[in-house]
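Asks: What follows is the residue order along each chain.
There are 2 protein chains.
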Amino acid sequence: MPGSLSSAARADLAARLGREILADIPLARAIGLAVSAWDGDSLVLAAPLAPNVNDKGCAFGGSLACVMTLAGWGLIRLAQDARGLAADLYVQDSALRYLAPVWEDFSAVARLAPGEAFAPFLDALGTRGKARLRVECVVALADGTPAATLEARFVALARS
Amino acid sequence: MPGSLSSAARADLAARLGREILADIPLARAIGLAVSAWDGDSLVLAAPLAPNVNDKGCAFGGSLACVMTLAGWGLIRLAQDARGLAADLYVQDSALRYLAPVWEDFSAVARLAPGEAFAPFLDALGTRGKARLRVECVVALADGTPAATLEARFVALARS
Chain A
1 MPGSLSSAAR ADLAARLGRE ILADIPLARA IGLAVSAWDG DSLVLAAPLA
51 PNVNDKGCAF GGSLACVMTL AGWGLIRLAQ DARGLAADLY VQDSALRYLA
101 PVWEDFSAVA RLAPGEAFAP FLDALGTRGK ARLRVECVVA LADGTPAATL
151 EARFVALARS
Chain B
1 MPGSLSSAAR ADLAARLGRE ILADIPLARA IGLAVSAWDG DSLVLAAPLA
51 PNVNDKGCAF GGSLACVMTL AGWGLIRLAQ DARGLAADLY VQDSALRYLA
101 PVWEDFSAVA RLAPGEAFAP FLDALGTRGK ARLRVECVVA LADGTPAATL
151 EARFVALARS
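Chains as they are written, first to last, in the working numbering: chain A, 1 to 160; chain B, 1 to 160.
One or more of the hints may lead you astray.
Claimed, not checked - With a Cα cut of at most 16 Å, we get these calculated EDC-like pairs of lysine to aspartate or glutamate:
1. 130(A) to 88(A)
2. 56(A) to 20(B)
3. 56(A) to 143(B)
4. 56(A) to 88(B)
5. 56(B) to 151(A)
Please keep in mind that the hints were generated in silico from the structure rather than gathered at the bench.
All of these numbers come straight from a predicted model, not from anything done at the bench.
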């Protein structure tokens with residue numbers, strides 16, 4: 001998903017989302033957020049360590065929470081964009097685990113949670129104007145060790 | 001807790017923590033974070049809406065997560081400071097609920113979770129060099145309605 005888009009169209013949507021996030025969300029600018037990759041099934045957002053350190057010099061938990069939340073949000077927003085659905089998308093709840101300190105630039109990879117699928121979410125959003133979807137997200141160290149994880153539920157409300 | 005400190009000493013510790021957070025954590029500066037009040041049992045951190053908006057113009061969930069996480073962290077750090085214990089304090093996990101959009105400047109109030117107490121935490125940190133403590137935090141609207149909540153567990157590691 002969305003298999004119907006060309007890779008150029010996917011890259012355009014992802015680049016546009018990156019510009020919108022930076023334009024609309026001041027904290028994303030402070031984080032230095034960048035869209036790294038989107039293949040329809042996963043979205044990767046990247047951030048440099050320097051603007052995101054804590055008092056220990058490793059990544060601030062709040063920065064990790066921001067980047068993982070935005071990765072999950074962006075994953076769903078791009079699915080909406082690919083379907084041409086205009087809807088406001090809100091995070092409803094999330095569970096985070098901080099497993100290891102992050103001493104390097106980091107990326108968050110968001111995917112749908114097990115058992116979730118874009119098609120029924122987008123169908124419900126189109127017909128009922130409201131739909132929910134769960135995502136999971138991970139920040140891994142350069143060696144692949146998971147350093148932080150997020151599970152979150154989002155709700156989309158069609159714009160009238 | 002800490003009942004043994006004068007209100008002036010409490011105000012000094014809280015002001016020092018506020019300066020340290022802003023000096024050490026760039027994202028706290030971007031958020032415009034300020035320490036509002038600390039009475040030993042609760043810590044209140046405040047943030048203006050403008051630097052913390054999302055694409056809808058209300059408070060970005062990541063900003064709420066940052067302020068609530070820092071409020072919980074700060075509550076425990078101040079208890080450590082009041083006891084004179086030097087320890088690195090990390091968030092281990094957290095659960096967040098976003099209940100209502102926040103269209104105004106906001107504050108997060110952190111308290112210990114039910115069943116938790118500072119004294120056994122500080123005693124364990126002093127004797128064993130490691131201890132955990134759970135907090136809960138809420139961002140309420142001006143009319144008192146809870147808009148976001150966080151439950152989080154922190155671990156403190158004494159500096160050798």
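Asks: Are there hints from earlier that the structure breaks, and if so, what are their numbers?
Replies: 3 and 5
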